[in-house]
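Chain by chain, the residues:
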Amino acid sequence: MTLLQEDKTLPLLRVMNLSKFYGKTMGCHGINFELGKGEVIGIVGESGSGKSTLLKCIAGRLSTTNGSVFFNSSYGFIDLCRTDEVLLRKIIRSETGFVTQNSVEGLRMTISAGGNIGERLMANGMRHYGQIRKIARHWLETVEIDTKRIDDLPSTFSGGMQQRLQIAANLVTDPRIILMDEPTSGLDVSVQARLIDVLRKLVASLSLSMILVTHDLAVARLLSHRLYVMKDGRIVESGLSDQILDDPREPYTQLLVSSILKP
Amino acid sequence: MDDPILNIISISKDFVFHHQEGTRIEVLDDFSMKFFPGQATILTGPSGSGKSTLLRMIYAGYRIPKGKILVRHQKTLVDMATALPSLIYDIRQHTIGYVSQFLRVLPRVSALDTVIEPLIARRMEPRKAKQRGRQILECLRIPENLWHLSATTFSGGEQQRINLARGFAAPYPILLLDEPTASLDPENRRIVMQLIQDAIQAGSCIIGIFHNKSDQKEIAGRVIDMSQILCRTAEV
Ligand SMILES: Nc1ncnc2c1ncn2[C@@H]1O[C@H](COP(=O)(O)OP(=O)(O)O)[C@@H](O)[C@H]1O
Ligand SMILES: Nc1ncnc2c1ncn2[C@@H]1O[C@H](COP(=O)(O)OP(=O)(O)O)[C@@H](O)[C@H]1O
Ligand SMILES: [Mg+2]
Ligand SMILES: [Mg+2]
Chain A
1 MTLLQEDKTL PLLRVMNLSK FYGKTMGCHG INFELGKGEV IGIVGESGSG KSTLLKCIAG
61 RLSTTNGSVF FNSSYGFIDL CRTDEVLLRK IIRSETGFVT QNSVEGLRMT ISAGGNIGER
121 LMANGMRHYG QIRKIARHWL ETVEIDTKRI DDLPSTFSGG MQQRLQIAAN LVTDPRIILM
181 DEPTSGLDVS VQARLIDVLR KLVASLSLSM ILVTHDLAVA RLLSHRLYVM KDGRIVESGL
241 SDQILDDPRE PYTQLLVSSI LKP
Chain B
1001 MDDPILNIIS ISKDFVFHHQ EGTRIEVLDD FSMKFFPGQA TILTGPSGSG KSTLLRMIYA
1061 GYRIPKGKIL VRHQKTLVDM ATALPSLIYD IRQHTIGYVS QFLRVLPRVS ALDTVIEPLI
1121 ARRMEPRKAK QRGRQILECL RIPENLWHLS ATTFSGGEQQ RINLARGFAA PYPILLLDEP
1181 TASLDPENRR IVMQLIQDAI QAGSCIIGIF HNKSDQKEIA GRVIDMSQIL CRTAEV
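Protein sequences, first through last, are from chains A and B.
Residue numbers for the first sequence follow our numbering, so the first one is 1 and each next one is one higher.
Residue numbers for the second sequence follow our numbering, so the first one is 1001 and each next one is one higher.
This is chain B alone, in the form it adopts within the complex (with noise of 0.2 Å):
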């Protein structure tokens, strides 16, 4: 088998609540886990069990404070707790993806705009990056007399597909997916589950929490209970 892409090793996350007396939750638990090119990973389990959080943590957007996140970047091996803050912007534009569950959106600025913003980091030529964003966009169907709009005023469905357009524009060897088919009905589901499947087929290691049993099934990647792997506490 291959080197893993991203290795988990023994990471713990607690979050301490200062002004509410203190309270500490604890979310993981010395937790270890290796993850492959082209392998898909499902987290499940209930609201609270950890998932966005392990998630947030591969991206370096919550803290590492204990254990290490190794992360293959450019041939290079990389800790995600201890990386300078310049190569994990370089990641973030590069190796790793991350969909958030909800949009951030911005006034003034397009959807499309918002689509191919990754693009641009990347240095695509503008006209390049606005022809796949076009691509990207009729493919989610998103209406093209709301390209030019901010996406402010968008239905949730819509503000997720426009997320997950932003997300799938440039490929990544990591993609993480926070719910991407909580929001949508059943014709954008399917699409959505058509660009994991490409994506994967396409050697990216895909990590994402889904619910639905039917989507589970579809992805065919190994499925991890977060409630069932992870010590989760609270104390005061």
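This is chain A alone, in the form it adopts within the complex (with noise of 0.2 Å):
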């Protein structure tokens, strides 16, 4: 493990030929990309290309069969395939978010909307009560969840509602980057749109570095500044939002972008 400096001219996050294999299935092969601070990439490709377990490799919830993940966190530019555990799983709690698609495996159900919030900052070792109780009520408010819902249990919210609040317990520490795998999907278009909107909102006002990982072509061109076109573990191509959807080149992101409707 390297601990440099923090540099201002690194990259945010830099995957370098990445690979994973489960046993002799391919999950992803050869990823090699940046990610700049403020920036928002987005990852896309039909079911099985290989989407979730890349941003599960670069958010240290899988090990990796080969290649590297250079992250610029606070504790200099380091490989955190090959971090300790230790630091990782500090690094984890305050510097990385991870919001899955499912709010059932990214919330805990049995305790509180403002505990769930308020978990992060105590792991991170903040212990005032009265004070996580305070940012927590911030935070819901930023998700546009009301705030009087602090202490009713998530499985009581709607999905879309889980969703803002998995989110709110992402950001309550400030992380420098924010991993996203789905989180529009399996919500019904109204709801959706009112995510989306919040995480406009948050992009904008935060200026968010993040990955979101989607097959809806539409939700990755409203959020993200850059895609890449995953297939068979793979990226096939990659370039600013517009030129992918409105210019795409590959055969595959062709037949993508035509198959659905209007992006």
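No lab work stands behind these hints, which were simulated from the structure alone.
Certain hints may be false.
Using 25 Å as the maximum straight-line C-alpha spacing, the simulated PhoX-like pairs for lysine-lysine come out as follows [to be verified]:
1) B/1034 with B/1217
2) A/201 with B/1130
3) A/201 with B/1128
4) B/1034 with B/1075
5) A/201 with A/148
6) A/90 with A/134
Which residues of chain A face chain B? A partial, calculated answer using Cβ under 8 Å [unchecked claim]:
7) 204
8) 242
9) 255
Where is the CB? At the ideal position from N, CA and C, for every residue including glycine.
If you follow the hints, you should be able to join the two separate chains into one complex; please do so.
Structural data, given as structure tokens:
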């Protein structure tokens, strides 16, 4: 593990030659890309193309078979694939966020909404109950959840609210990067619109750096500066979002873009 | 004469349709042109002659596979064909404005917020941005009771005016306009013409697609007939 001084010229994230195999099954292979501070990139591709695998490797939730994930953390520009467990846990707890499609995975259903938000703060050493509650309230407001629901269990929330709560619970430690795996799928269209609206506002006001995995090209266009198209575990095309969606070059991307009505 | 603010050097563009027997459409072939501050350029020509393609390439919304598009951006010269994404975001924020033919409407985002988005992106104070937003919406005669609604339900002409309000909310050294007057009534057309004249007076370089002869005459810029200049052949 190399510990360097924080360097502003380095990207926030540099993924190098990353591969993940599940036994003989390829999850993703030969992935290279960089993410700048304040940038949102979308990873698109059909089901089974390796999007979640890639995201989980970046998040340190899955051990990689090969390659590196350099992250510009407060501990330096370090390779998360070669960081000891203790430091990795520390970084995951405070400097990266991970929002999953399935809120049951991303939330603790048996503790209150406020508790879900407070948990990451407590894990980072905050103890003052009043302070934690105040911050939790602020984040509920930010994601447009009525603060009166602070003591309610997330299981009593609608799907869209659960997703917004998950986002709040991740943003509370002011992470340098937030990773989202299909945050809008499985939601009704109007509920999706609200979630996207909240995300757009957060991206603009907090200059969030984000990797968004989605198979919904309209969502990808709305939120991402750049897109990466994945097929069979590999990146087949990348570019500015409008270039990918309006001027796709690869056969696979053309198929993907033309198979939906209006991204 | 000043240095050009935009210098297009030998660009070519084709589209290959991989799922339609590999059909290739050549839209631009070795096209070059210089553009200057305070100058208006009017693109005409039949549908399919490559007018929108040219605008989108200047904006780097379409790729630039061959040639250079040099843009003067805050005292530096940038080639849109090779610029890093972060620089292109910056150029789109400050140097090149683009008003597409149709507004991309968003549910839940008010007309006013749609219009001031480029101002907020420039870190203008929200209060000031809103003030400017209201001013330009008023100028384009969007009734005040619509300002806080999403443009999803607006008429075509209203959506076009929201799109124009967004494009004219902040000044750009280069402004690309894709058929800005196409769905406007005479009164709104006159207002948009005035906005264009004002931008030219202020030194903007305007490149716009206009079919209407009287629009062309009023703007008094050079007229480029794309079907005359550009080679366009389809081959299989
Ligand atoms: N835990 C796992 N064990 C074995 N194979 C897996 C596992 N997770 C994913 N895969 C396989 O890896 C490939 C990529 O899957 P995934 O990353 O989930 O794709 P996506 O998120 O794009 O739908 C698929 O072939 C999938 O079957
Ligand atoms: N994204 C695209 N993908 C494929 N073909 C395109 C694309 N954009 C434009 N074209 C084709 O290029 C030609 C020029 O189109 P366009 O620039 O839109 O013309 P105009 O604006 O002059 O009507 C047309 O044949 C059109 O079908
Ligand atoms: Mg997945
Ligand atoms: Mg056109």
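Hints versus structure:
no.: 1; hint: B/1034 with B/1217; in the structure: 21 Å, holds
no.: 2; hint: A/201 with B/1130; in the structure: 16 Å, holds
no.: 3; hint: A/201 with B/1128; in the structure: 18 Å, holds
no.: 4; hint: B/1034 with B/1075; in the structure: 17 Å, holds
no.: 5; hint: A/201 with A/148; in the structure: 22 Å, holds
no.: 6; hint: A/90 with A/134; in the structure: 24 Å, holds
no.: 7; hint: 204; in the structure: 7 Å, holds
no.: 8; hint: 242; in the structure: 4 Å, holds
no.: 9; hint: 255; in the structure: 6 Å, holds
Comparing the model with each earlier hint shows no violations; every hint is respected.
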